[in-house]
Amino acid sequence: MKMVMPDVSDARELSTYPLELLEEMYRRMYLIREFESRANELFLRGLMPGTIHLSHGQEATPVGTCLALRDDDLITLTHRGHGQALAKGVPPETLMAELFGKATGCCGGRGGSLHVGDMAFGALPAIAVVGASAPIAAGLAFACKRRGSGRVVCNFFGEGAANKGELHEAMNLAAIWALPVIFVCENNLYAVSTHLSDAMLNDYVSERAAAYRIPGVTVGGNDPIEVYEAIAVAAKRARDGRGPTLVECLTYRHGGHKRDDAATYRPPEEVEAWLAQDPVPSFRQRLVDDARIGASELADLEDEIRAIVTTAVEFAQSSDFPPPESAFDNVYA
Amino acid sequence: MPDVAQDTLEPTAASDRNLTIVQAMREALVEEMRRDPDVFVVGEDVRIGGVFLLTLNLVDEFGAERVIDTPISEAGFTGLSVGAAIEGMRPVVDFQYGDFVFTAMDQLIQQASKLRYMSGGQVKVPLVIHLPTGASGRGAQHCNPIEGFCYPIPGIKLVTPSSPYDAKGLFKSAIRDDNVVLFCVHKHLYGSKGRPLAESSISREHVPAEEYTIPLGTAAVKRGGEHVTVVANMLMLHRTLNVAAQLEQEGVSVEVIDPRCLVPFDLETIVASVQKTGRLLIVEENHERGGWGAQLAADVSREAFGYIDEPIRRLATPDVPIPFSPPLEARLIPDEERIRAAVLAVARGE
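Residue numbers (our numbering), protein chains in the order written: chain A, 1 to 333; chain B, 1 to 350.
In isolation and in its complexed conformation, chain A is listed as follows (with noise of 0.2 angstroms):
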């Protein structure tokens, strides 16, 4: 197994940065790891059902895409799917709700932490099919072109879906018809157990592009900004009707797949490089290090967030489940 470590020679100055979209960066990334917290903490207690999988560590991925876009944007989601889904705006009393199965969540309580999305924030509720989603993105931004709307479209996948025929199909379409369609792949090294060495002989998922005649990147999922940029190119590129970017980012979970995965098949000297660029708090150390927001105001600002989660986490409780009889609804339209 080739070991990759974190790489922050591309980490960028925060200074060229408008402070405004820095500290959404920052909100978004801490709501995130806060929500998923106490959504780990009421899962682990028993009093969450079903099953979640934590995007802990992998933070500044979606932000970072989704900051680049256009609110009348769309993305598609993962399993792993809670922190794109706050990225691109969805309300974390809906969300929350969600994952409680109450009829205030954002899919009536039918998704569940595998499919949560709203598209009135154009999340499209996820597709936790690994790889299934591509198509249906292609699809997406068909519509968007044909309309000439100029909305783009996100696809989020793991790096574990880049061997699945799906992706490849979905990106030879958009490739040949020039769809407005963002592949990104969110590389976080394994796909459960399996290390991405041992699925593919390629580096970098991003070289997969060259097979289909279209720009691919690879940055680092860690840095807000990395993502931002390169999805801005690929977002204007989009638009202007230039067809897809596959763009990488490589990232780390912090903890396993799921609950019952310790994730004991990674190297420490590996998962410690990883922890130490924690995207969270190593994204408030530079913004305290460029010194236009004060700590203060971080802890202010975190400490509203925390009020938004424990909100958020006494909406979906105090809510109530769906009537039984509802299970017969929305079979057809």
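These are computed hints drawn from the structure, not numbers from a lab. Computed from a predicted model, the values in this text were never measured in an experiment. Beta carbons: idealized from backbone N, C-alpha and C, even for Gly. Please note that a few of the clues may not be correct.
[Unchecked claim] Some chain A residues judged to face chain B by a derived CB distance under 10 angstroms, without partners named:
(1) G117
(2) G131
(3) A132
(4) G165
(5) A170
(6) L179
[Stated by the list, open to error] Think about it this way: if two alpha-carbon atoms lie no more than 30 angstroms apart in a straight line, the pair counts; the simulated DSBU-like pairs of lysine-lysine are:
(7) K164(A) <-> K114(B)
(8) K114(B) <-> K102(A)
(9) K236(A) <-> K164(A)
(10) K102(A) <-> K258(A)
(11) K164(A) <-> K124(B)
(12) K102(A) <-> K124(B)
(13) K124(B) <-> K236(A)
(14) K258(A) <-> K114(B)
Keeping the supplied structure of chain A fixed, place chain B upon it in accordance with the hints.
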């Protein structure tokens, strides 16, 4: 390339309205594409008409932007159509052979059929998938009764027309429907140039030029009768009608019903017929295990129990793959001889 000379877009004269299924469906598609700019066709080789010439000459009127050739990429273009449908377009996906939808089954079963449901009704997926079905002398991988494999999927509609008039009206309804509609047509019933067309009283029929639609989920009594009810669809319906015409001469009066749609299913029409005849035979090309006829038999047993004079019978394809050699295929797919024997067995209580 198919020979297109004798299969033109429009009948040659206004009086020549005696159409085949493929001509009737093509008219439906043209009318719906003229009516709604969001309707488009996507699939392999659709610019030259597709395998059964459904889309013949459509590119001349609608252009390559709405008659879209794809790579051989079934999961890709099925999923792409799901996405386009979510964003409000109305794709008609043309499969060369329904058999190839197996490579797109995740997109059909896990995505198309349930995205509306699992999103809590946030999205609609108005999508038609055209699937040529059934055995037609092409061996084991181009013969699947695809309607049988799709029948149990919750959240889809499943249409199996047997006659040109029905095919046109149902196809128009399918394109206007806001759900995933699988539109299965038997390979021996299209009447496309160069392909065998099963002969029966409804292989070609008058199709009015005037606009009409047929609601999904309505059965049709194709032949009235008194002694026994036979429910059959697609190729089996044609064979049953031929058998019923013979048996009429022999004093056996057979009521023949075409369900036309498997989902939603018009049980009432069939129950009413069985209440009259007291006898029911179900003929389907599906493999016998788990065919729609098994569900129908259970439903009729429940709804018409007091009226049934003889055990309900089923005639279906045995549970083996379909071989190429013509006499072997013919041994497995229910033919007129076996349908006749089954009708007589039910009618006479043998």
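**Q.** Contradicted hints - numbers only
**A.** none
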